[in-house]
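Peer 1: This is what each chain is made of:
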Amino acid sequence: MKEKLTNIWRKLTWSWSPRSEREASESVIKNFWLHWFPSRISLRSLGWSYSLWLGTIAACLFIILAITGLLLLYFYIPSVRSAYWSIKDLENVVVFGSLLRAQHRWAAELMVAVVFIHLMRVFFTASYRDQRVWNWYIGIGLLVITLFLSFTGYILPWDQLAYWALTIGMSIASEIPFLGKSISFLLAGGNVLGQNSLLRFFVLHNFFLPAMLLFLFALHMWRIRKDGGLTSMDRLIRETQLKETPVSPTKSYSLLGVTEGTTIQVTTTQVLDERNSVRSSPHLLRRIAVVFLITTIFTLGLALLSPAPLEEPANPSVTPIPAKAPWYFLWLQELIAITTIKIGKITISGGLIGGILVPGFLFLLAILWPFLDRSPKEAIGVWFHKKRRIQNSVFILICVVIIVLIIIGLYLRGPYWKFFWPWQPWPEIPAQF
Amino acid sequence: MNNKKNFNPDKDFYWLAFFSFLLFVVVIIAFYREANPEWKKYQREFKNYLEENISPESASAFEFSVKQLWLPELNKVDRCISCHLGYDQPNLTEAPEPYAAHPDILPHSVLKMGCTICHGGQGFALKKKDAHGEVEHWEEPMLGAKLAKKYGFESEKILMQMNCNTCHRRDEDLTGMEMINLGKNLLTQKKKCQTCHIIDGKGGKLAADLTFIGDKPAERFDFSQIKDKLIESERPLSVLSWHFEHFMNPKAVVPDSKMPYVKYTEEEAWALAMLMMSWRSVSLPVMLIPEEKREEVPPPEKKLEKRKLSIVEWGKELFESKGCSECHTIGGGVEVGPDLIGITKLRDIQWLRKMILDPEKMEQTDPLAKKLYQEYEETGMPTEELTLQEVEAIIKYIESFNKESN
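Protein sequences, first through last, are from chains A and B. Quick note on my numbering: the first sequence kicks off at 1 and runs consecutively. Quick note on my numbering: the second sequence kicks off at 1 and runs consecutively.
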């Protein structure tokens, strides 16, 4: 009787059950979710303090964004005439509409921040070197896509915030030498912002950018495995002082036998033992579940506390004072404002310096840095290694400058982009009535 | 860290349980909030009121829901009635706000027109502050007691007259629009505004076109001269205040203004300021215009106007606008050029057409035109670019005087 019941229970809960060890291991390999992770994970990689779980948080945020975004798609109308009013309806009468939009917005803003902090973590632990260069590039690509996803989403409500952020964005884009005008024409679908621009940004936001992000995300995850896991593993390998097995003349180490010696994957698995690692299932999966829960609670909580903003409907003839870009581009706007020089009546626009040259230089530096970095191998996988003091300081300086510029732009710039200290009240803006 | 002692798998399990519970709590909070919106509080109270003061039947017939007046022709959705629940129930005239019946406003109809068209505010919104427009990023606050108090008016409804006049701008002396009527009277009495300003397509070109001045956003007004004064006197920093100050003393607001100073009383200046704010561009659906008035409503654009004019009226307009009347009169005697009364009988119609169409050529080639040219001190008639239809209209206009004199 009991056996019968267990059989029924098994049939209900298991679609298939392995009959041998081999079948069981194959099932893991064949399963997308399970083969994503190694079978064993080092305690150090699993720890909260090494990776800070920033990549996982970013991925969780993306899942939240995909779900809330899909639901928002049912209510949003991508038309210059209706977009704003469809958001008004969403905010006012759609059940959970306001919450949905607020969570989408908070998750989006957090994702930009988390992806950037993730980049900082990777820099401080020197996790972008040697074989990891490719993943560093993919990561930068993911950051750029995240920024554009956030920006294109910002445009969709077609309110004053959106319209003028787009205006600023397009004027920055048109500063790109030679191609600028064509790029902004292509993005905006014309010389004037309107229905074409909205539709283009809608398609970018809902199809092309998420598809690109998913593709790069898959590559990113795959490369982590190919590169031997997190860089904390490199440190573990160094510390256990694994004796290199001499190259066997009869053994091939890769499919075509071209490479010599063991690959990083082999070394990685050799290092892990009962003392320093646990099985991924359930320990890693459980932690991922915890991170996902925390991320969900955090975004939902923020959404409950603060709804997403919606300004007046877009009005090309009224520039809001001040018109600000979204916060993650605000440092560029601030740079443009600082580098714009007025001599008498002649104004030299800082658009090229602040909008193109500085971010372009930083981007180029990020691309080249893995090859310019001369710090020793011991630094890999260690937070703030002594031998990396100078480059870490420079990197921190760049980050601090960016953050300070954002804070100035966000809180200290009032009407007409004038500077106000926090204790100075902004002048009252006239209203209609 | 390398030691397994530091890792306790149970701990993670407890974290998982804890955060699952926390998510559950947050979701419960979200549901609770969604189930208890502000409007429901008012609807519960309303139901109680019906139960206690009207009848249990009417209370049980009342259902909780978002209520709205959807007016596609006006492009409006007014959800005010989700809280202002007694608006259409005549037995609730004595009920307290927001449950009282709407006072009789015939020939207007709340059902046809909604609320915000007269009262202002944000019809979309369902929270009191949002709906009354007392929030950022909504330009039309409710034109009610609260706003009137800010401007120091005793009458609660006075500001609403601005919205009356947005539709009624071509009506005169309507009851309930006393301030606007005063403003309109000042406008027609003194008549001087149109010397410099264009209003409804007519007037001088020296100053701004005032036809839709009420739509001009606050950002495009210069407040630099009156900002401190307004803040000091605790009056709203608004376009309405700007207009008031500007009527009281134009130069105090715009130092190089050429607008003549007229000694208005404060009431007159407010009346004119409100009139300015009421001149907004609206497209009124035909259903809101009473049938007997439909023909009178001037089309919004001048080009359309021409199509609806009779040919004689069109000719009159052309006669004035193309410069004919600068030199010619019709029955008013000779000025620079000949008096044109009876000219259609005197001259061959073909000759007349050619003369209006291209007088410069005629004066060189046609013997009669040459003769006239010399007769009138060699002052040539300039060639205007006219279409054949326009020439016809002008001739018809001149012709119409013949009939009158007959």
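The set of hints was computed from the structure by calculation and includes no laboratory data. Among the hints, erroneous ones may be present.
[Unchecked claim] Straight-line Cα separation of at most 35 Å, DSBU-like style, residue types lysine-lysine; simulated pairs:
| hint | chain 1 | residue 1 | chain 2 | residue 2 |
| --- | --- | --- | --- | --- |
| 1 | A | 342 | B | 11 |
| 2 | B | 157 | B | 227 |
| 3 | B | 345 | B | 202 |
| 4 | B | 11 | A | 386 |
| 5 | B | 11 | A | 11 |
| 6 | A | 2 | B | 293 |
| 7 | B | 129 | A | 342 |
| 8 | B | 227 | A | 345 |
| 9 | A | 418 | B | 258 |
| 10 | B | 263 | B | 202 |
| 11 | A | 345 | B | 229 |
| 12 | B | 67 | B | 11 |
| 13 | B | 157 | A | 342 |
| 14 | B | 227 | A | 342 |
| 15 | B | 67 | A | 418 |
| 16 | B | 157 | A | 324 |
| 17 | A | 181 | B | 216 |
Quick caveat: nothing in here was measured; it's all calculated off a predicted structure.
Peer 1: Each hint needs a verdict: does it hold in this structure or not?
Peer 2: Now the hints, each set against the structure:
For the hint pairing residue 342 of chain A with residue 11 of chain B, the CA-to-CA distance comes to about 62 Å; that exceeds 35 Å, so the pair is violated. Taking the CA atoms of residue 157 of chain B and residue 227 of chain B, the gap is about 26 Å. The hint holds against a cut of 35 Å. A C-alpha spacing of about 33 Å is found between residue 345 of chain B and residue 202 of chain B, which places the hinted pair at or below 35 Å, so the restraint holds. Using a Cα cut-off of 35 Å, the hinted pair residue 11 of chain B and residue 386 of chain A holds, with the two alpha carbons roughly 34 Å apart.
With a C-alpha separation of about 32 Å, the suggested pair residue 11 of chain B and residue 11 of chain A falls inside the 35 Å cut-off, and the hint holds. Only pairs whose Cα atoms come within 35 Å are accepted, and residue 2 of chain A paired with residue 293 of chain B is rejected, the gap being roughly 88 Å. Straight-line distance between C-alpha atoms of residue 129 of chain B and residue 342 of chain A comes to about 44 Å, which puts the hinted pair past the 35 Å bound. Our distance criterion of 35 Å between C-alpha atoms is met by residue 227 of chain B and residue 345 of chain A, whose separation comes to about 27 Å.
Taking the CA atoms of residue 418 of chain A and residue 258 of chain B, the gap is about 32 Å. The hint holds against a cut of 35 Å. Straight-line distance between C-alpha atoms of residue 263 of chain B and residue 202 of chain B comes to about 25 Å, which keeps the hinted pair within the 35 Å bound. With a C-alpha separation of about 32 Å, the suggested pair residue 345 of chain A and residue 229 of chain B falls inside the 35 Å cut-off, and the hint holds. This hinted pair does not check out: residue 67 of chain B and residue 11 of chain B have alpha carbons roughly 51 Å apart, beyond 35 Å.
Between residue 157 of chain B and residue 342 of chain A, the direct Cα distance comes to roughly 50 Å. Violation of the 35 Å bound is thereby established for this hinted pair. Proximity of residue 227 of chain B to residue 342 of chain A is assessed by CA-CA distance (about 28 Å); at most 35 Å being required, the pair is judged to hold. Under the criterion of a C-alpha separation no larger than 35 Å, the hint pairing residue 67 of chain B with residue 418 of chain A is inconsistent with the structure, at around 45 Å. Between residue 157 of chain B and residue 324 of chain A the alpha-carbon distance is near 38 Å, which puts this suggested pair outside the 35 Å criterion.
For a cut-off of 35 Å, the pair hint linking residue 181 of chain A to residue 216 of chain B stands: about 32 Å separates their Cα positions.
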